[in-house]
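Chains A and B supply the protein sequences, listed in that same order. Numbering-wise, the numbering used here puts 255 at position 255 of the first sequence, and it's gapless, one number per residue. Numbering-wise, the numbering used here puts 415 at position 415 of the second sequence, and it's gapless, one number per residue.
These aren't lab readings, by the way, just hints derived from the structure by calculation. A virtual CB, placed ideally from N, CA and C, is assigned to each residue, including glycine. Please note that a few of the clues may not be correct.
What the hints assert, rightly or not - In the DSSO-like style, the derived pairs of lysine-lysine whose C-alpha atoms are separated by at most 30 Å in a straight line are:
1) A:K94 with B:K264
2) A:K370 with B:K428
3) A:K94 with B:K77
4) B:K81 with A:K437
5) B:K453 with A:K437
6) A:K164 with A:K370
7) A:K94 with B:K374
8) A:K368 with B:K419
Said to hold, decoys possible - Rough simulated footprint, nothing fancy, chain A against chain B, three-plus residues with beta-carbon under 8 Å:
9) 218 to 227
10) 295 to 308
11) 336 to 346
12) 349 to 357
13) 384 to 391
14) 452 to 466
To be verified - Restraint ranges, calculated between C-beta atoms of paired labels, are given here:
15) A:K169 with B:E39: 52 to 62 Å
16) A:S25 with B:D304: 31 to 41 Å
17) B:A25 with A:R199: 36 to 46 Å
Take a look at the letters that make up each chain.
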Amino acid sequence: MGSVAEERALGYGGLVSDLRDVYESGRTRDLEWRQSQLKELVRLLREKEEEIFDVLREDLGKHRGESFRDEVGVLAKSVEDKLQNLKKWAAPEKADTPLVAFPATAFVVPEPLGVVLIFSCWNLPIGLVLEPLSGALAAGNAVVVKPSELAPSTAAFLAATIPKYLDSKAVKVVEGGPEVGEKLMEHRWDKVLFTGSSRVGRTIMTKAAKHLTPVALELGSKCPCIVDWLDSNRDSQVAVNRIIGAKWSTCAGQACIAIDYMLVEEEFAPILIELLKSTLKRFFTKPEYMARILNKQHFQRLSDLLEDPRVASSVVHGGYYDPKTLSVEPTILLNPPLDSDIMTEEIFGPLLPIITVKKIEDSITFLKSKAKPLAIYAFTRNEKLKRRIIDETSSGSVTFNDAIVQYGLDSIPFGGVGHSGFGQYHGKYSFEMFSHKKAVLKRSFLIEFMFRYPPWDDSKIGMLRHVFRFDYVNLFLALLGVRR
Amino acid sequence: MAEGVARELRASFAAGRTRPAEWRAAQLRALVRMIEEKEADISDALHADLAKTHMESYLHEISLAKSACKFALKGLKNWAKPEKVPSAITTFPSTAQIVSEPLGVVLIISAWNYPFLLSIDPVIGAIAAGNAVVLKPSEIAPTTSSLFAKLLPEYVDNSCIKVVEGGVLETTVLLEQKWDKIFYTGSGTVGRIVMAAAAKHLTPVALELGGKCPVIVDSDIDLHVAVKRIAVGKWGCNNGQACIAPDYIITTKSFAPELVDSLKRVLERFYGKDPLQSADLSRIVNSNHFHRLTNLIEDKKVADKIVYGGETDEKQLKIAPTVLLDVPLDTALMTGEIFGPLLPIVTVEKIEESIDFINSKTKPLAAYLFTKNKKLQDEFVANVPAGGMLVNDIALHLTNPHLPFGGVGDSGMGSYHGKFSFDCFSHKKAVLIRGFGGEATARYPPYTQEKQKILRGLINGSFIALILALLGFPREKR
Numbered sequence: 001m002g003s004v005a006e007e008r009a010l011g012y013g014g015l016v017s018d019l020r021d022v023y024e025s026g027r028t029r030d031l032e033w034r035q036s037q038l039k040e041l042v043r044l045l046r047e048k049e050e051e052i053f054d055v056l057r058e059d060l061g062k063h064r065g066e067s068f069r070d071e072v073g074v075l076a077k078s079v080e081d082k083l084q085n086l087k088k089w090a091a092p093e094k095a096d097t098p099l100v101a102f103p104a105t106a107f108v109v110p111e112p113l114g115v116v117l118i119f120s121c122w123n124l125p126i127g128l129v130l131e132p133l134s135g136a137l138a139a140g141n142a143v144v145v146k147p148s149e150l151a152p153s154t155a156a157f158l159a160a161t162i163p164k165y166l167d168s169k170a171v172k173v174v175e176g177g178p179e180v181g182e183k184l185m186e187h188r189w190d191k192v193l194f195t196g197s198s199r200v201g202r203t204i205m206t207k208a209a210k211h212l213t214p215v216a217l218e219l220g221s222k223c224p225c226i227v228d229w230l231d232s233n234r235d236s237q238v239a240v241n242r243i244i245g246a247k248w249s250t251c252a253g254q255a256c257i258a259i260d261y262m263l264v265e266e267e268f269a270p271i272l273i274e275l276l277k278s279t280l281k282r283f284f285t286k287p288e289y290m291a292r293i294l295n296k297q298h299f300q301r302l303s304d305l306l307e308d309p310r311v312a313s314s315v316v317h318g319g320y321y322d323p324k325t326l327s328v329e330p331t332i333l334l335n336p337p338l339d340s341d342i343m344t345e346e347i348f349g350p351l352l353p354i355i356t357v358k359k360i361e362d363s364i365t366f367l368k369s370k371a372k373p374l375a376i377y378a379f380t381r382n383e384k385l386k387r388r389i390i391d392e393t394s395s396g397s398v399t400f401n402d403a404i405v406q407y408g409l410d411s412i413p414f415g416g417v418g419h420s421g422f423g424q425y426h427g428k429y430s431f432e433m434f435s436h437k438k439a440v441l442k443r444s445f446l447i448e449f450m451f452r453y454p455p456w457d458d459s460k461i462g463m464l465r466h467v468f469r470f471d472y473v474n475l476f477l478a479l480l481g482v483r484r
Numbered sequence: 001m002a003e004g005v006a007r008e009l010r011a012s013f014a015a016g017r018t019r020p021a022e023w024r025a026a027q028l029r030a031l032v033r034m035i036e037e038k039e040a041d042i043s044d045a046l047h048a049d050l051a052k053t054h055m056e057s058y059l060h061e062i063s064l065a066k067s068a069c070k071f072a073l074k075g076l077k078n079w080a081k082p083e084k085v086p087s088a089i090t091t092f093p094s095t096a097q098i099v100s101e102p103l104g105v106v107l108i109i110s111a112w113n114y115p116f117l118l119s120i121d122p123v124i125g126a127i128a129a130g131n132a133v134v135l136k137p138s139e140i141a142p143t144t145s146s147l148f149a150k151l152l153p154e155y156v157d158n159s160c161i162k163v164v165e166g167g168v169l170e171t172t173v174l175l176e177q178k179w180d181k182i183f184y185t186g187s188g189t190v191g192r193i194v195m196a197a198a199a200k201h202l203t204p205v206a207l208e209l210g211g212k213c214p215v216i217v218d219s220d221i222d223l224h225v226a227v228k229r230i231a232v233g234k235w236g237c238n239n240g241q242a243c244i245a246p247d248y249i250i251t252t253k254s255f256a257p258e259l260v261d262s263l264k265r266v267l268e269r270f271y272g273k274d275p276l277q278s279a280d281l282s283r284i285v286n287s288n289h290f291h292r293l294t295n296l297i298e299d300k301k302v303a304d305k306i307v308y309g310g311e312t313d314e315k316q317l318k319i320a321p322t323v324l325l326d327v328p329l330d331t332a333l334m335t336g337e338i339f340g341p342l343l344p345i346v347t348v349e350k351i352e353e354s355i356d357f358i359n360s361k362t363k364p365l366a367a368y369l370f371t372k373n374k375k376l377q378d379e380f381v382a383n384v385p386a387g388g389m390l391v392n393d394i395a396l397h398l399t400n401p402h403l404p405f406g407g408v409g410d411s412g413m414g415s416y417h418g419k420f421s422f423d424c425f426s427h428k429k430a431v432l433i434r435g436f437g438g439e440a441t442a443r444y445p446p447y448t449q450e451k452q453k454i455l456r457g458l459i460n461g462s463f464i465a466l467i468l469a470l471l472g473f474p475r476e477k478r
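Let's have the full structure, built from the sequences with the hints guiding it.
In structure tokens, the structure reads:
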């Protein structure tokens with residue numbers, strides 16, 4: 001394989017074929033190899049924790065508290081979890097066989113897909129690389145990771161650090177922008193995971209189609225948060241804590257599962273807004289507790305949302321932004337027009353529109369008219385409402401009385417549906433995302449059913465009918481030549 | 001027309017018609033009734049389209065379709081139930097479950113070689129999962145296509161399950177609409193077109209494609225039984241026009257003569273001295289494919305490798321079972337999927353070499369091995385990637401509803417059959433239910449040192465950290 005510049009110039013053909021050779025050699029399939037890679041990942045997270053906090057602060061202004069909570073902490077736990085379960089996941093799983101196929105054994109064997117490509121996004125630049133990477137390695141694949149160039153310190157960190165811990169022959173980090181991504185997609189992969197915007201997702205899938213490369217797309221969406229009337233003050237405070245945690249405390253709202261907007265009964269809205277204001281003050285005592293807006297483009301995008309006069313007039317808290325420092329303060333809006341950009345596009349920032357409804361059940365009708373989001377949140381004690389939300393809406397996931405925390409739970413799949421994408425990972429699902437479940441059926445040469453073979457006549461067909469009805473008694477009798 | 005169909009189905013789905021378990025069960029029961037009442041019509045259609053014998057139609061299409069329906073009816077209730085899963089200390093107290101929900105309105109594009117089964121099977125899964133469905137049967141099996149268009153409305157809920165007939169033009173228009181999933185069975189070429197069309201709407205796809213299914217034949221076997229199974233798996237499956245039919249055999253140079261001999265004897269027993277006259281062989285589906293196949297064997301480098309058969313009848317569109325030995329590997333016969341009654345035998349020095357040979361080609365939908373040697377069996381399973389595999393038989397694995405059926409690599413993506421069909425057309429929605437208790441202030445800014453310590457413990461699953469967090473540590477200054 002040549003130098004980075006050479007590879008780029010040649011369109012990465014060398015890189016891909018080298019990895020294919022490594023994979024074909026069987027290196028990555030070995031269970032011990034996989035375990036060693038996962039152990040090294042755990043070691044990387046532990047030893048490089050400070051560096052990770054540094055690069056996340058450089059790229060996004062994330063406080064180490066947030067970085068630990070959302071990226072490092074959950075990741076380390078998740079990789080340990082994979083280590084513990086690897087043997088179980090990689091083992092063949094027995095399947096039932098209908099008696100009529102006796103004697104036979106059936107099982108399903110997970111096998112790696114081969115050489116896989118992971119595109120990450122800039123907002124959770126460590127987590128969105130290392131979580132799927134751990135799944136791909138656990139499943140026995142060779143992997144190429146392309147971190148987002150919009151988080152350059154993290155990308156450089158990954159490019160320098162991953163080779164020091166993981167098997168650099170089988171795991172490669174490719175840095176660069178969209179052109180690099182395009183060049184990579186010219187090749188055939190055994191699977192591609194893409195996290196990012198729908199626009200780019202479409203391009204990735206279209207390119208993948210040329211090679212019949214299977215893809216998983218984790219896309220953006222407007223994640224709604226329904227807040228029902230909460231009687232107790234304590235409940236309201238807890239709800240507000242968690243809402244703030246899921247908006248401004250998570251990369252300043254720049255997260256695919258951050259709360260995008262809220263749906264609240266008109267009478268409850270003022271109460272909620274007052275509580276949000278006071279809690280925001282208590283939480284964000286220092287500016288460094290909220291992450292930065294990524295860059296000028298995103299700042300521009302967000303300030304444009306507020307420029308719309310109809311939107312500006314709906315601001316009830318905050319609304320101040322400074323192009324010099326690229327900062328946007330936590331902003332709450334009350335009923336901006338539904339056709340404004342802030343209500344039609346994914347916000348991905350620290351602006352929180354509140355849409356009021358007459359009764360809280362109306363929020364379900366509202367949601368049904370919109371594209372399926374990655375997550376739906378609802379704060380309520382009303383069991384009937386919960387049931388209706390689960391049954392009548394569709395989303396990647398639903399979380400009641402909290403938000404974002406579903407991301408760290410390994411027992412549930414993480415992924416979108418409809419416009420928010422397809423394919424799921426986290427925990428065991430990360431392993432399965434990069435595996436093929438191969439069906440295996442073994443028969444012996446004993447016991448031959450003569451009626452399987454031509455020339456065919458009615459009596460043979462008759463016997464087969466017994467077989468297919470699992471009518472063993474009649475089959476047995478027919479085989480004995482006794483007619484019924 | 002496609003647009004109108006999609007719109008109508010979307011309205012039916014949005015109205016919730018397809019969601020109740022009773023509706024789904026009623027549709028499936030209606031399909032069972034349809035198969036039972038119209039078995040003769042179905043068999044006739046298959047005979048008209050493919051000259052398929054009644055036996056094959058019953059064995060490979062009708063009975064499998066019926067048992068798939070019944071299996072879905074039995075499993076429906078359980079499959080649709082939410083699955084409780086463990087929650088974590090970090091979110092204590094909470095409960096978590098995975099809820100299966102229908103994707104919405106799905107498009108199923110079927111193939112011509114098993115035109116009845118390959119239409120009904122995915123439709124069963126789509127209905128069981130609670131979706132509205134459009135079925136586009138293959139126009140290359142026109143009688144079966146018309147049969148669907150006539151019969152389905154008589155049995156199932158026409159506002160939610162529709163048949164759209166047509167060829168490339170109609171399919172293209174269908175592919176321009178937005179669907180919640182597209183299920184396609186057919187060739188890799190069209191599979192690419194389907195996936196590219198789906199990409200425009202970010203529609204997930206399942207592609208059941210083809211490939212060259214290899215059969216390794218070791219010498220350590222019961223030869224007679226093996227050859228019968230290979231023969232019926234090849235020529236008894238629509239005369240080789242099946243995605244899981246053996247495409248080629250690999251055996252050792254030393255064993256090949258015995259194998260060829262046995263094949264000849266079995267073939268004569270099955271199909272007589274003049275196989276073109278046998279009623280037990282399907283014909284080639286149309287003259288396009290007939291000429292494609294005859295061209296393969298007319299190639300000079302191929303023609304003199306024929307060791308049995310080779311007879312063709314253009315008027316009847318029939319080709320006799322043909323066995324070839326050591327055809328040059330660069331011929332079209334050896335590089336492309338055959339999909340017909342030609343069976344080349346490739347020879348190697350040692351049987352172990354066959355694994356590398358198979359792996360030098362794209363991943364097949366099915367790979368087969370005949371041997372009593374356990375070590376070879378284990379090596380085969382461990383080292384040959386394929387959609388599915390069968391040891392000592394052919395094709396049967398697709399009749400086991402407990403095994404996922406689907407391809408990998410060039411042979412496709414996604415799987416179905418049994419519960420896998422239900423899953424194929426479902427979205428597994430994660431639901432996490434918390435209460436207002438268990439508030440861990442350690443989560444929120446200001447991010448003090450003490451908070452970070454507790455959070456660290458909490459995320460690592462420490463019970464003590466949980467207790468501390470629940471007790472409100474660290475104490476907040478108000």
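Structure versus earlier hints - violations, ascending order: 1, 5, 6, 10, 11 and 12
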